[in-house]
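Asks: Letter by letter, the chains look like this.
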Amino acid sequence: MAGTRAKWLGLGAALVAMFAVPAAAPQYVVHIANFVLIYTLPVIGLGFLTGFTGRVSLAQGALFGTGAYTTALLTTKLGWVPLATFVPSVLFTVVLAVALGGAAVRLAGLYFVMATIGIQQIVWIVLMNWIELTNGPQGVRSIPPIGLGGYDLDTPQRFYYLALAMAVVSYILAKRVVGSRLGLFLRALSDDQLAASSVAVEVGRAKVTALALSAAWAGAGGFLYAHYVRFIHPDMFGLEPSVLFLVMSMFGGYRSIEGMIVATAVLESATEYLRPFGEFRMIVYGLLLLLGMMFFPRGILTLVPRRSAASPAHAKV
Amino acid sequence: MLAQIVIGGFATGCIYAVVGLGFTLVYRTLRMVNFAQGHVFMAGTFLGLAIAERAHLPALPLLLAVGALAFVVGMVLERLVFRRLYHNHEVFIVGSIGLGIVLMNGVRVLYPEPVPFPKVFGTNVVEIGTARIQEANLWVVASTIALVLLLHAMFTYTRVGRGLRAVAADAEIAGAVGVNVKRAIALTFGLSFAVAAVAGVLIGPLYFVSFDMGDMVGLKAFSAAVFGGINSIPGTILGGVVIGVLENLAGGYISSAYKDLVAFVILLVMLVWRPTGLLGRETPVKV
Numbered sequence: 025m026a027g028t029r030a031k032w033l034g035l036g037a038a039l040v041a042m043f044a045v046p047a048a049a050p051q052y053v054v055h056i057a058n059f060v061l062i063y064t065l066p067v068i069g070l071g072f073l074t075g076f077t078g079r080v081s082l083a084q085g086a087l088f089g090t091g092a093y094t095t096a097l098l099t100t101k102l103g104w105v106p107l108a109t110f111v112p113s114v115l116f117t118v119v120l121a122v123a124l125g126g127a128a129v130r131l132a133g134l135y136f137v138m139a140t141i142g143i144q145q146i147v148w149i150v151l152m153n154w155i156e157l158t159n160g161p162q163g164v165r166s167i168p169p170i171g172l173g174g175y176d177l178d179t180p181q182r183f184y185y186l187a188l189a190m191a192v193v194s195y196i197l198a199k200r201v202v203g204s205r206l207g208l209f210l211r212a213l214s215d216d217q218l219a220a221s222s223v224a225v226e227v228g229r230a231k232v233t234a235l236a237l238s239a240a241w242a243g244a245g246g247f248l249y250a251h252y253v254r255f256i257h258p259d260m261f262g263l264e265p266s267v268l269f270l271v272m273s274m275f276g277g278y279r280s281i282e283g284m285i286v287a288t289a290v291l292e293s294a295t296e297y298l299r300p301f302g303e304f305r306m307i308v309y310g311l312l313l314l315l316g317m318m319f320f321p322r323g324i325l326t327l328v329p330r331r332s333a334a335s336p337a338h339a340k341v
Numbered sequence: 005m006l007a008q009i010v011i012g013g014f015a016t017g018c019i020y021a022v023v024g025l026g027f028t029l030v031y032r033t034l035r036m037v038n039f040a041q042g043h044v045f046m047a048g049t050f051l052g053l054a055i056a057e058r059a060h061l062p063a064l065p066l067l068l069a070v071g072a073l074a075f076v077v078g079m080v081l082e083r084l085v086f087r088r089l090y091h092n093h094e095v096f097i098v099g100s101i102g103l104g105i106v107l108m109n110g111v112r113v114l115y116p117e118p119v120p121f122p123k124v125f126g127t128n129v130v131e132i133g134t135a136r137i138q139e140a141n142l143w144v145v146a147s148t149i150a151l152v153l154l155l156h157a158m159f160t161y162t163r164v165g166r167g168l169r170a171v172a173a174d175a176e177i178a179g180a181v182g183v184n185v186k187r188a189i190a191l192t193f194g195l196s197f198a199v200a201a202v203a204g205v206l207i208g209p210l211y212f213v214s215f216d217m218g219d220m221v222g223l224k225a226f227s228a229a230v231f232g233g234i235n236s237i238p239g240t241i242l243g244g245v246v247i248g249v250l251e252n253l254a255g256g257y258i259s260s261a262y263k264d265l266v267a268f269v270i271l272l273v274m275l276v277w278r279p280t281g282l283l284g285r286e287t288p289v290k291v
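Residue numbers (my numbering), protein chains in the order written: chain E, 25 to 341; chain P, 5 to 291.
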């Protein structure tokens, strides 16, 4: 099919372009690109919850932080090798998310959002106040860089390929999940819960699974983040990143993973192109959110009519 | 010691209750949560500050002026901004958070450092039994009671108030029997802005005021509203007062570091156990 071939060509070209970034682009562009790639993970994770169960979470920042703190504390306090902490970071984030949110995920719509705000604030307050464990407002300093066979990924250029690989793998994995039986269940759930349960979708379990998946992606993102910025502070994981992740996944349109990635790139680099506004930067950022929601409530990809209008089937994946 | 803690908590709880009322008013009418509420409260404080710095108004006219101005701002913003966000609750949440960020950083440009608020409520300390209470705290409690009575009278005895209740119960039917639904929604936002701004002026003289003070208070007031029942006005008042007292007790007897945790643990437990809150009635869909 010509359409598929064009799609693969486009994807190939995008990959080649992304490979060339560290060689061709200045340091700060690589630096931003790294953040975009890292944030892709929690945003895709949120997509599982938002896009496929219709549940909006404002706790993704806290889960991202849980992953980051797990690896940071294991490496700095217990001296683990960074790579060895990947699995514990992801697992612990999933366990925490299910422990705190497992009961709440049954709640419909707005009530679930309310519960996630509680979870977000609880995690942040504990990070801030459990000083013996987390250093509280001091944050965790000198987190070691990830080492691959004696080669430390301690500059943006060196880190870039790991971040790219992780983002690509998580993208492909997410696509697989979406296409799988579970993805089908989740979409059925989002469309009509009652109908889904009547055709033997186990609604409760599917929702908890979606929550666990979104936490896993957040935990993995947090792991990367901690070893990239190498200094973490509770305020990096407050309500603000949660809102940012939610907006990234919404601006992308709920069910389009590509859309989420584009939105992540646009919003994350906002910190750079809003710099000329100086002290008014955050005001402009708030206006961006507000106006975005006022005029494009269905996501920025609605600006590209080809996708939304021509092939509704595509928008589902 | 105990009496002191309870009364202090009661006063803080009144603030949560009044700010929480803003959440409740909007939620009852639209089934939406306005997360700019905490920042409206903060903006109310600074509006009060700006007025008090120029015209040395006594306490009561200051409260009325700020309330009236905030009411107008709320109506105008409903017309210009909120009306475009009724698409669904996610859009409304993110949009209102965006508005909150604009408010907070707008005030930050004008007042980057915490500033003292003029002591418009006096500086006397009143002794009730063994407890020593600042006069300003009594103002908070008295104003809350007055505000609640006023709202109650309005909702019960006036045509406008009954219209608002009808819209909250069922907007479509209310519209069919001749209530102006659009105006009722605009009035709701006006009221919710007014109560939050008045709460902002009430708390101002008790602390230094800063641009980020709305964050925590807003979220706690929200927890209070959910705890008591986010569609119930008496529930929200009860929720606010209970959370205020409980968190002061936790701060006094358990650990001051985890004082802030109380509201959010209550929020989470309450949602799982009884999502309608203590006094709420509506049944949320739960499968």
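To be clear, the hints were calculated from the coordinates, so they are not data collected in a lab.
Please read all numbers here as calculations on a predicted model, not as lab measurements.
Glycine included, each C-beta is placed from N, C-alpha and C at the ideal position.
Just to be clear, a hint being listed does not mean it is correct.
Heads up, incomplete: computed chain P residues facing chain E, CB under 10 Å, no partners named [unchecked claim]:
(1) Glu94
(2) Val98
(3) Ser100
(4) Gly104
(5) Arg112
Asks: Give a verdict on every hint.
Replies: Status of each hint after checking the structure:
1. Among the interface hints, the one on Glu94(P) holds; its C-beta lies about 5 Å from the nearest C-beta in chain E, closer than the 10 Å criterion.
2. About 5 Å separates the beta-carbon of Val98(P) from the nearest beta-carbon of chain E, less than 10 Å, and the hint is met.
3. Checking Ser100(P) against chain E: minimum C-beta separation of about 8 Å stays under 10 Å; hint holds.
4. At about 7 Å, the closest approach between the beta carbon of Gly104(P) and any beta carbon in chain E falls short of 10 Å, and the interface hint on this residue holds.
5. Interface restraint check: Arg112(P) against chain E, minimum CB-CB distance 8 Å, threshold 10 Å, status holds.
Comparing the model with each numbered hint stated earlier shows that all of them hold.
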